[in-house]
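On the provided structure of chain A, position chains B and C as indicated by the hints.
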Amino acid sequence: MTESHLASPRTYVISWLLLLGLLAVSIASAFVPLGAMNVAINLAISFTQAAIVLLFSMHLRAAHPTLHLVAVVGFFGIAILIALTLADVLTR
Amino acid sequence: MSTIAIAHGEGNYLASGFSLWSWLTTLDHKRIAVLYLLSITLLFFIGGAAAALIRINLLTPNSAVVSIETYNKLFTMHGVIMVWFFLIPSIPATLGNFLVPMMIGARDLAFPRLNLLSWYLYVIGAVFTLEALIAGGVDTGWTFYTPYSTVFTNSHVFAAVTGVFIAGFSSILTGLNFIVTTHQMRAPGMTWFRMPLFIWAMYAVSLILVLATPVLAMTLVLMTVEHLFGIGVFDPGLGGDPLLFQHLFWFYSHPAVYIMIVPAMGVASEIFACFARNSIFGYRFMAYAMLAIAAFGFVVWGHHMFVSGQSAYAGTVFSLLTFLVSVPSAVKVFNWTATLHKGRISLEAPMLYALGFLGLFTIGGLTGLFLASLGLDIHLHDTYFVVAHFHYIMVGGAVMAFFGGIHFWWPKATGRMYSNRWASIAAITTFVGFNLTFFPQFIVGYLGMPRRYPEYPPEFQIWNVLSSIGAAILAMGYVLPLIYLYWSLRHGAAAPANPWDARGLEWQTSSPPPTDNFERTPVVTEEAYSYREGGASSG
Amino acid sequence: MASAHSAFAHQFDDARQQREASQLGIWLFLATEILFFGVLFAAYAVTRINHPAAFAAGSRLTNLPLASLNTAVLLTSSLTMALGVHAAQAGARRMTVNWLYATVALGLAFLAIKGIEYGIDFKENLVPGAGFGYDGPGRDQVQLYFYLYYLITMVHAIHVLIGVIAIAVIARIASRGRYSAEYFTPVDVTGLYWHLVDIIWLFVYPSLYLVSRS
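In order, the protein sequences belong to chains A, B and C. Start counting the first sequence at 294; every next residue gets the next number (the working numbering). Start counting the second sequence at 123; every next residue gets the next number (the working numbering). Start counting the third sequence at 4; every next residue gets the next number (the working numbering).
Hints listed in this document are in silico derivations from the structure and should not be mistaken for laboratory results. Any given hint could be a false lead.
As the list claims (entries may be wrong) - Not the full set, but computed from the structure, chain A residues with beta-carbon under 8 Å of chain B:
(1) VAL325
(2) THR378
(3) ALA380
Everything numeric in this text was worked out from a predicted model, so none of it was measured. By construction, the Cβ of each residue, glycine as well, lies at the ideal position given by its N, Cα and C atoms.
Okay, chain A solo, but in the shape it has when bound:
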């Protein structure tokens, strides 16, 4: 799993700028009343930011496929927890 190449520092700086940009978007959109869309936008931004950090800063892109699976399984488990719990809460 050692990268045979070194990712250039440029990658990290670009990621950082992207993340800050997405942060700005999330703040800006919070001031626009969009109802449920605000939640959707925020979630989309959070997941996008997480993906950027995972793929670039955490080197998942270059990593063994098993690690890709391990990286997402936690999110998947929480998704199941929330989805099936809401299946109850929203239908009471």
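Structure of chains B and C alone, referenced to chain A:
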């Protein structure tokens, strides 16, 4: 100096140090397994003592022996100790720790220090929980339902829950270690589908340990903070939702029951193959089935909540998914049966335990279908039918398989043979005692006796008396091994490397094994369970 | 061929096996952290769905400027950490140490800003319990919002603190020249943990601070 003579003089893992310090600072997975075995045995008998008092109290309908408050504490401590401090660690932390590196041809687990840490966390967790017991006990049930646990109880919730929280990290470390070891440290030629099914079982269980236990940990934090500060999201008085606690709790605790049974399935496969002299029927399906059980086990938790306020829609979804989870278990039962069919069966003690496992697990599993059915569960929920169902699986299934595994690998781990006659007597006593204890509970539960009640209508007394008599016999079945196994350490015949003529890498090294398990790293060229081809069994 | 830094523990066959085992081990641990925090998000989701107005009201009482600044601080600390790991991979000792200590500084800054934020919250009595300083509608449920607010941010802050300590220790060991291009696993592993703490915050922040600002 030690009266427990080591069977083979030098070089084995038991002889690598006799001081207490050498044991308490060991990094050897085999020694850590022994440390775990001693600890969980102690906790088993403490939990068993609580059960004994419960069964004695239930001899009469009017709770003549203990007060109602004490009774609540007894079943709570029985559950807490048996679930978290006996069943969950049992096979993985003892047999798993001992065998995983050996079965795949490795010198140790991937992270020996984390392994030792996991044992210390277990012990510290046990100390906290026992402190709660000594200080006066907890009366919430092992399920800690809110708002009783958070608002109304005065019992020692904090200490007990802290103990479970700490022990949870012990579980996580064990699982993490097994997963990494299995991925990274298999000997040359040991491909995934040549691994013994016991390794597949440890792998599947490790997935659950790693993924489910963190959820329990945070759920306990939420519950404890609410208990301590009087404010929280489970409190309906503030607009919170007590059912939220149940969702979070059972998200872990249902997969937890698969933590308890999947290792037993792994042990059973090893024993059946050896004592039927047959390769396991449908090896790949057996491996996939355990993975499927682990995966499906995460989406069925709502079947514990059919009558506690969950929506009918959610109940239907969970009921459907619960029926699905029974399929891979059924596949395994059929495949074990097929393994036995036309095998050359020999009924040594491990096989008796394994056969007991097979029958009792099947009954327990089938009764799960009754409970999965929404309509039936309305009647059966919180009755002794449920109690019988889960004891058939956890005790009739998991504990019998655990004992079978102990008996199967005892010669390997200790270098000593035990008396097969006494072991067989213990196995049969356990089987008879178990059925007498728990089958009447199906009946009395169906007739309407609620669980967790110290009193009952007089017409139920006959079933309770039968059950309590059974419990006494069962207790004898559990005490007997302590006696003859200890005796074997002092007087038992020296065990050869492969007393059962079994297949598997662990049998190709001495009994007891050397510290590094193998003289040199094995190279695997055979499929698993090569009993039929007359494969080499080295002595 | 084998330098002092490529020695591996005796249970492994070679350094590569040890490295891969460490990678798989840390990622599994990160998965457990996601599940650990995920429970808080589940509790949040259910409680918010049941009381949307109270969550909106509670969120509006939080300090958006400080929290946004903190988010930028944490993101920047992730950058410095990544550059530290990169330097370690290149075998550049001094750069590694500098970037690691920069990360420590930013992590401490995060905690300091969080502390200031809590100070402001306490001054406004935004603490659930007797004397809760909000008298609008849904007062009880706004207390639930703040209960989650403190619990989530405190659990996160504890993880930040643990990370800060770990990175400081690693930086110290790095300054002694114990890592090299062949062996920098502890730096790598600590970096992964730090990035995860960052990711978690990226979900915490909008959940607590951006519920309703319009």
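- Query: Does the nearest C-beta of chain B fall within a distance shorter than 8 Å of the C-beta of THR378 (chain A)?
  - Reply: Result: holds, 4 Å to nearest chain B Cβ.
- Query: Close enough to count: is the Cβ of VAL325 (chain A) nearer than 8 Å to one in chain B?
  - Reply: This hint is violated: VAL325 (chain A) lies away from chain B, its Cβ roughly 28 Å from the closest one there, beyond 8 Å.
- Message: Given a cut of 8 Å on the nearest C-beta pair, is the interface hint for ALA380 (chain A) held or broken against chain B?
- Response: ALA380 (chain A) check passes; min Cβ-Cβ to chain B is 5 Å, inside 8 Å.
The structure is inconsistent with hint 1 alone, although it conforms to all the rest.
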